[in-house]
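Novice: Sequence:
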Amino acid sequence: MQKYILSLIILVYSSQIFSQKLSFSVVVDPQVTWMKSNSQRIKKEGYNFGYNFGLVMDEYFDDNYAISTGLTILNTGGNLHYLDSMEFNFGSGTDTLPGGTTLKYNLRYITIPFSLKFNSTEIGYTTMFAHIGLNNHINIRSTADVPSQNISGEDIKNEINRFLMSYFIGGGVAFSFGGDFAILGGIYLIGAIWDVTKNKDYRAFINAVALRLGVKF
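Numbering-wise (the numbering used here), the sequence shown opens with residue 1 and increments by one.
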């Protein structure tokens, strides 16, 4: 965790050197997540809770328009129900899971977003915003739980793609306390563009609805 904090500090100071029209936000995004597959033999099963947290930076090229990026840590995942038996590559070795098995994916990523943010003119102390862009994810931890097989927290990094890309669209409201300091809240829809897994027989995607809470300064 210390290296991620150090990366955030370096990112903040390097950005201050190259631009004078920046704003920063520390954000926490509680999420409801789920996974789905393109295979008719693999079903979505239920919803999970995840969260994303970190630093977001907005560089304004106009009073109401900004290019946004940052660095966050995303904890996500979902449940897939496999109707047929399947071979699965766990860290301890390959195992054959019987048909009717539900597997819970627990995934952690470093996320670097690139996006456009549109702000309304401030009315009183309130500004509304819309936000659209792409997330670039680097997987740093992958485990799985298989309750029916008494498997918990098993390493599955050999089953998961190292890189992932997703889109997001959302909006919200920022309430200013004067100057650059404000609190913000919003809601976002997030969907994976790339396949989460390495399996060549099917594709699996993560989707989420997130509530954004943050402090802007």
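Hints listed in this document are in silico derivations from the structure and should not be mistaken for laboratory results.
Being a predicted model, the structure only gives us computed values, none of them experimental.
You may find that some hints are simply not true.
[Claimed, not checked] The calculated DSSO-like cross-link candidates involving lysine-lysine, where the alpha carbons are at most 30 Å apart (straight line), are:
1) 104 to 200
2) 44 to 200
3) 216 to 104
[To be verified] Computed Cβ-Cβ distance ranges for the label pairs, DEER-style:
4) 40 to 118: 19 to 25 Å
5) 200 to 148: 22 to 28 Å
6) 122 to 22: 40 to 46 Å
7) 175 to 202: 27 to 33 Å
8) 30 to 150: 26 to 32 Å
9) 140 to 43: 24 to 30 Å
10) 62 to 175: 40 to 46 Å
Glycine is no exception: its CB is placed at the ideal position from the N, C-alpha and C atoms.
Novice: The structure should be examined with respect to each hint, and the outcome stated for every one.
Specialist: Right, here's what the structure says about each hint:
1. Between residue 104 and residue 200, the direct Cα distance comes to roughly 19 Å. Compliance with the 30 Å bound is thereby established for this hinted pair.
2. The hinted pair formed by residue 44 and residue 200 meets the criterion: a straight-line CA distance of about 18 Å does not exceed 30 Å.
3. Restraint check for residue 216 and residue 104: not satisfied, since their Cα atoms lie roughly 35 Å apart, outside the 30 Å limit.
4. Take residue 40 and residue 118: their Cβ atoms lie about 40 Å apart, and the range 19 to 25 Å is violated.
5. Between residue 200 and residue 148 the C-beta distance comes to about 25 Å, which sits within the given range of 22 to 28 Å.
6. A beta carbon spacing of about 18 Å between residue 122 and residue 22 contradicts the range 40 to 46 Å that was offered as a hint.
7. Checked against the given bound of 27 to 33 Å, the beta carbons of residue 175 and residue 202, roughly 45 Å apart, lie outside it.
8. The hinted range of 26 to 32 Å is satisfied by residue 30 and residue 150, whose Cβ atoms lie roughly 30 Å apart.
9. Look at residue 140 against residue 43: about 28 Å separates their beta carbons, and that is inside 24 to 30 Å.
10. The hint said 40 to 46 Å for the Cβ distance between residue 62 and residue 175, and at roughly 22 Å that hint is violated.
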